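Enquirer: Using the sequences plus the hints, can you model the full thing?
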Amino acid sequence: MPRSYLKSAFAAGVVTGLASLGAATSAQAEDLTLCWAAWDPANALVALSKDFEAKSGHKMSFEFVPWPNFADRMLNELNSGGKLCDLMIGDSQWIGGAAENGQYVKLNDFFDKEGIKMSDFIPATVTGYSEWPKGTPNYWALPAFGDVVGWSYRKDWFSRPELQAEFKQKYGHELAVPKTFEELKHIAEFFQGRVIDGKTVYGAAIYTERGSEGITMGAMDVLYSYGFEYQNPDKPYELEGYVNSDKSVKGLEFYKELYNCCAPPGSSDAYMSENIDAYKSGQVALQMNFAFTWPGINADPNVGGDKSGYFPNPAGPDGKQFAQLGGQGISVVAISEKQDAALEYIKWFAQPDVQAKWWQLGGYSALRAVVEDPGFAKSQPYAQTFLDSMAIVKDFWAEPSYASLLQASQKRFHNYVVAGQGTAKEALDGLAADWKAIFEDEGKY
Amino acid sequence: MLDSSADRAVGETPPVVSKRSRGLSDRAIAWLFVAPSIFLLLAVNIFPLIWTVRLSFTNFRVNRPNAEVQFVGLKNYISVLTDGDIWQTMQATAHFLIWTIVLQVLIGFALAYLINKKFRGNDMWTTIIVLPMMLSPAVVGNFWTFLYQPQIGLFNYAVGYLTGTDPSTFSMIGDVSLAPWAIVIVDTWMWTPFVMLICLAGLRSIPSSIYEAAECDRASKWRQFWTITIPMVLPFLMLAVLFRGIENFKMFDLVVQLTGGGPGSITELTSINLKREAFEKWRTGYASAYAVILFVTVFGLASIYVKALNKVKQR
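Same order as they appear, the protein sequences are chains W and D.
Counted from 1, the first sequence has number 254 at position 254 by this note's numbering; the numbering is strictly sequential.
Counted from 1, the second sequence has number 232 at position 232 by this note's numbering; the numbering is strictly sequential.
I should point out that these hints are in silico values taken from the structure, not numbers from a laboratory.
Possibly wrong hints are sitting among the right ones.
Here are a few chain D residues that sit away from chain W, every Cβ distance over 10 Å (derived from the structure) [claimed, not checked]: (1) Phe33; (2) Ile185; (3) Thr227; (4) Lys307.
DSS-like mimics (lysine-lysine), calculated; alpha carbons at most 30 Å apart, straight line [said to hold, decoys possible]: (5) Lys444(W) <-> Lys75(D); (6) Lys50(W) <-> Lys357(W); (7) Lys75(D) <-> Lys436(W); (8) Lys347(W) <-> Lys83(W); (9) Lys83(W) <-> Lys275(D); (10) Lys275(D) <-> Lys256(W); (11) Lys394(W) <-> Lys106(W); (12) Lys118(D) <-> Lys221(D); (13) Lys436(W) <-> Lys275(D).
If you're wondering where the values come from, they're calculated on a predicted model, not measured in any experiment.
In this text, a Cβ means the ideal position worked out from N, Cα and C, and glycines have one as well.
Expert: The structure is reproduced here in structure tokens:
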């Protein structure tokens, strides 16, 4: 063999060896970035992910954005083809757009290969966080964080005999966890402006935020139980008579009445954090908020422990009882160059022992093995309420045009409820017309 | 226009420089110096502008990379100009623009007139007065939401103290009739010092000899004010109006922090509405047409105003 050939072969061998070494190294130790909202559960996830780092050798980085800017920031990232995120815990309503625009990796083959079954998760979370189109076995995310709008209340105030007696005399029923929205309003009215322990308190902190999704989440939370439907169940995208039905109108009128009678002063733009502040500072008797707030309330020195209780959304006038779904699934971003490592994370995260630890740290697991465990309901004071609430969820549109649909409802609801412009009927007629125009634009008719 | 700038630069190049350089013509050297600026201008301003105009004639949506982009002619422009909601945001913007300018000019001029007088602590007061304009609008918006808070806000407390009203009975940013004034008050608080500084420059540019001559002619202070001070400060005032007008037409951050455009859409200014169309609804083509219309409006109004300003200066 000529000497030059030997040199070339040696050089090729060295290059190949180094390249394969490099490849092996990168397969073993990727730097993964997970994007999510900046809130308490995100801190729990950071703690939880240390186990993954230790086990896999991958390093986890996190990009957390506060809720009011979360959708703006992350949807910009996805739409612009940014490579910041390898894993995205995106909002449930993004799933349609992300699936249709190829921004998330479809996970069916991966789930089949790894033996991850969607039937192991709470059905509502699978539909809400993972499926697109809805109701079909096409999965784009693993249910990561179950969440739902519910209520926390001042148990210590409710248990005062003098207040109980006064309340019963005034409204004819017990001062207790409300079974209907009418009862909830009675409680809110009762506490509005009342002086308790030398301090003026108010009835109920509810969602009124204009900028992102707040007032829609709050109003829908009530409207569902009053009979609101997004569309004709037998004829998709037929909105007239469903969005603006008489029952929907009654529901929206109720939400406005609740805002007018019983919200603390200055709550014209309140969402999750404002309501937490109002409740923790002892201003309100009732607080509408997502379940993620409950661990923080339970641990709070002022209102935590036995001072607070939790209950799911009450029923509407016809006895129907629904609640607004929150929560997110975890997806692999299609543009990521580290998809194998990202999938490895999802495989790890889906394990029952990891999910059990996730619940212990303050994350709401959607794995049935965790929530159906006999000890789960009593593991935390709010655990049963979480289970009851997750059984009655409904979600906002998850269409690719969800952002336009959401902006329309934000505007219509805020104009009516907070600004007091027009009637509930006009607001919902306008909303039906707005949504119809958006769907027409999408070629749905 | 660019060619004429380059030609002018060539024409103004001293002969000594041209003799020193070897191998490059005067024109080439001039272009060499001007080129980086031209490149930056094209890349940062002109190209995006042309691209926006192009997009405004399409149905492009940035969140639909797979969708076919179609030419839609003037459809987006017609939609924008016939949209009642956009005219409502125009009204909100006009209310904000007119009242902030009126208040800032009046108060800014009055402050400048006072500061221009010699008194003890003059410098200290000037520094204190200009502090608000040095803050970030986002910060100002945030802390004014606290000042406007009905239960703990200082503003509400002060109003309650002075009028005898219960502070928790009114919400400056939650009430439809008060919110438009709430944003006017904050912008006035923040930017009046800017107008004051411009007016102060104008007042200090008036030669004292003119006032001395007027004194000799026994002109009253009142007459001196109307026949000397105002006419000589007027170009400065007009410049301040131009700056504040352009800035407030584009107002976004301060109002977003304060009211988010609410309650309802009462304080939704055009820039907030445009941002929602472009980056929340992702109607890129439509939002581009909207942006072009706003650009032409501001550019047109500003050009007319600058001509008027030049006429005043020549007088």
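Enquirer: Hints the structure violates: just list their numbers, smallest first.
Expert: none
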